[in-house]
Amino acid sequence: MTKETRKLRGLSRELMALRIANELEDGTYVNLGIGIPTLVSDWIEGRDIVLQAELGMLNTGPLAAKEEVEQDLINASCQPVTELPGSCYFSDCESFAMIRGGYMDVAVLGALQVSEKGDLAGWQNPGRGFPETIGNIGGSMDLAVGAKKVIVAMIHVTNDGEPKILKKCSYSLTAKGVVKLIVTDLAVIEVTPNGLLLQEVAPGITAEDVQSVTEPKLIISPDLKEVQF
Amino acid sequence: MNKVFPSVDEAVADIPDGASIAIGGFFTAGTPNDLIQALVRQGAKNLTIICMQMGPGNEDISQLIANKQVKKAICNYPFYRSASRGADSPVEMAVRAGEIEMQVFPMGTFIEKLRAGGAGIAAFYTPTGVGTVVEMGKEKRTFNGGEYLLEVAIKPDYAFVYAHKGDSMGNLVCHKTARNYNPEMAAAGKITIATVENLVEPGGLDGDAVHVPGIYVQRVVKINRPDYFPSIE
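Chains as they are written, first to last, in the numbering used here: chain A, 211 to 439; chain B, -10 to 222.
Everything labelled a hint here was simulated from the structure, so no lab data went into it. Check the hints yourself; a few may be wrong.
In silico SDA-like cross-links for lysine to any residue, where the CA-CA straight-line distance does not exceed 25 Å [said to hold, decoys possible]: (1) K359(A) with V122(B); (2) K327(A) with K129(B); (3) K358(A) with K211(B); (4) K57(B) with P341(A); (5) K154(B) with V122(B); (6) K377(A) with P336(A); (7) K359(A) with V119(B); (8) K211(B) with K327(A).
Make the full structure from the sequences, and use the hints.
Shown next, in the form of C-alpha cells:
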C-alpha cells in the first residue's frame, strides 16, 4: 500500500458502533461478537432490542459498574454485565439451539477478512503459528451460519495498511457467503449478488480512497452519501 | 440416596490414567476450579480434557498442562484472544510443540456433542462449519437443499461441574450465566462430580427450579464460594 492510503482517517470505533446500532431494527434479537461489535451495546440503551450473550442469557444489560459486579453474571467476552427487566438464563447448549434454529435476527461480528462473495474469515490468524484446524472458533461459526443477517464490523485495512476486503479470503473461513453488510472506519458496503456496493463513506473520505484500500472492484451506489448518524 | 463426598480430593481419587474428563465453565463463570486443583494434586496422566478453554479465565487448567497430565484437549476457544498475552503460556507452547493433541470445534457443535453423549444419540448433522476446515474428514449430507456435517457424540468418563446449590441426591440449581455448559456435561459424564456452593438435604430445593436432575450426578462436594473478579485480560 502507498503512504497516502495509510493516512486515511475514518470513523472511530465508537462511531462505527453507532452506525451499526442505527442499522438495527426495533423488535429484534441481536448477538454482538467480541471487539468493536461489543461497543454497539453502548448505543442501544432504551431501545426495543434484546441482546443475547451466547453463554446463556437473553436481554443482557449494560456493563456492570464496579459495585454491581457479580461473578456469575458475565457476557461472552467475560465482562461483568447487568440484568434488565425480562432477562432470562439458559444453558449454552440451548443458546446455540436458538442460534442454529434461526431465531437470532442479527449477528454483528468482527473479521480478519471478508470476500466479495460475503465469505467471512475471523477465527484464525496464521501468524500465531498453530496448525490450520486450531484456533479460537468460539461461537463465531454457529452465529455466522445461524443468524438471519450477519453484519461485519472491522477496521478497513490491516495494521500494515493491507486490504482486508478481498476477492478471496486467504485466511481460514468462518463461513461462506454469509456477510450482508460491512461497516468499517472508512465505508459502509453492502454485499450483493452483483458484487460489493459502496453505499456510504466516512466524512472526508472519497469513493476512490475506499477503492484504493479494497481489492475487489466496488460498485459505487448512485445514492452514495456520507455516513449519517 | 446420599452422594455427598467429604472433599474434592476424595471425589477425584479413583480417576485413572487415560481418563476423559469434561469440565464445565465459560471463562470464569461456573468453573469447578476446586476439582481441577484436586486433579493436579491427584496426578493422573494421559488425560483427555473436554473444556471450552485451556487457560483464559481458568489458569488451573493450564496447571494440568504444565504438569504434563494432558494427552489431548477438546475445546472451542482454547487460547487467549491476544496473541501476545498467550504466546508463552504453557498451553500454546505445548500445542505448537505438538506435545498435546488438540481438537477445536465450533461452540454450538462442541456442546451439542456432549448433549448427544448424555442423551444416547450417536451423532447428528449440523450446518455449522460447512465450507471451512471444520468439515475435513467428516461426512457431508444435503437435507432440504442445505449442507450439513456429521458430528459424533462425546461420552466422557467423568464430568466436573459447578452449581450454586445442590442437594445430597445430586439435584443441582445453577445461577445466572454460571449455568453455561454444566447441565449437558453433567448428563454426558459416566461419573459426574458436582461442586456446590450450598449443600442442602432432600426437600431443600424447589423441584421446579432444578437445572440438573440428580440422576446425572454421582458425587456431590460442598465447596466455598470462590472470590474473584471476572476477567480474561
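Would the hint linking K327(A) and K129(B) be met if the CA-CA limit is 25 Å?
At roughly 22 Å apart (the allowed maximum being 25 Å), K129(B) and K327(A) satisfy the hint.
Straight-line alpha-carbon gap K154(B) to V122(B), limit 25 Å
violated, 40 Å
Proposed proximity, V119(B) with K359(A) (alpha carbon, max 25 Å)
Distance ~18 Å between K359(A) and V119(B) Cα, so the pair holds.
Hey, K57(B) versus P341(A), does the alpha-carbon distance stay inside 25 Å?
holds, 21 Å
Holds or violated: K211(B) and K327(A), Cα atoms, limit 25 Å.
violated, 54 Å
Taken at face value, is the distance from the CA of K211(B) to the CA of K358(A) at most 25 Å?
Outside the cut-off at roughly 44 Å; violated.
Given the proposed pairing of K377(A) with P336(A), does the C-alpha separation stay at or below 25 Å?
Measuring from Cα to Cα gives roughly 19 Å; hence the hint holds.
Proposed proximity, V122(B) with K359(A) (alpha carbon, max 25 Å):
Distance ~23 Å between K359(A) and V122(B) Cα, so the pair holds.
Checked against the numbered hints given earlier, this structure breaks hints 3, 5 and 8; the rest are met.
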